[in-house]
Amino acid sequence: DITHFPMEQLQDLDYCLDSNPSWVEIILLAFQNYILMLGTSVMLPSMIVPAMGGTHGDTAHVIQTILFVAGINTLLQTLFGTRLPTVVGGSFAYLFPIAYIINDPSLKHISNSHERFIQSMKAIQGALIVASSIQIILGYSQVWGLFSRFFSPLGMAPVVGLVGLGLFERGFPVTYVVPTPQIDGMFGA
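For the sequence shown, full-length UniProt numbering assigns the number 1 to the initial residue and increments by one for each residue that follows.
Hints may be right or wrong, so weigh each one.
Label pairs and their computed distance ranges (CB to CB) [said to hold, decoys possible]:
1) H61 to G126: 12 to 22 Å
2) S152 to F80: 26 to 36 Å
3) D14 to T55: 32 to 42 Å
4) N103 to T82: 34 to 44 Å
5) G57 to N103: 15 to 25 Å
6) F80 to G166: 32 to 42 Å
7) V160 to H109: 31 to 41 Å
8) P105 to W23: 27 to 37 Å
9) G71 to P21: 17 to 27 Å
10) G71 to L95: 34 to 44 Å
11) L165 to G57: 35 to 45 Å
12) A131 to H109: 21 to 31 Å
13) Y100 to I27: 40 to 50 Å
Treat the hints as calculated values from the structure; they're not laboratory data. Every value quoted in this text rests on a predicted model; they were computed, and no experiment measured them. Note that beta-carbon positions come from the ideal geometry of N, C-alpha and C, so glycine has one too.
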């Protein structure tokens, strides 16, 4: 019986599946991950909370909540989930639905900005609860497994690209009409 250990096969490999880095390196890498996710954790509330009518204090509370929940989610993911050293933070996927909720006319008519912030937060939380409930139902009923075979990365990449190109004019209306310089009639608007 011949066994080849990973360290013998790959000389440049620092760690195997059974070995761990030192505690100092773990703390430094954890701090690096924290600094990396800090940008998105601060940027999301800094964009959303003022649009909802929140104050600087409300923004600070939302940032604190995101950091706390991201820490809990990261611990749950690394202890019980896939056990990958990932940082689970806020997602940019919810920006468009949140923007639609914030710009809802029933919320825009609230004159008190703090009350508008509270009502906007309640509406966003309710929408997230409903959306996550649907995801949980689809996940546990295994219905999503039937549909996921039709959504391969090879098939979805062109769809996402075409949707992005179709929305380019809405996202960048100024750059869509900017004339380009002409060189002997080769380029131009």
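Hints not upheld, ascending by number: 3, 8, 10
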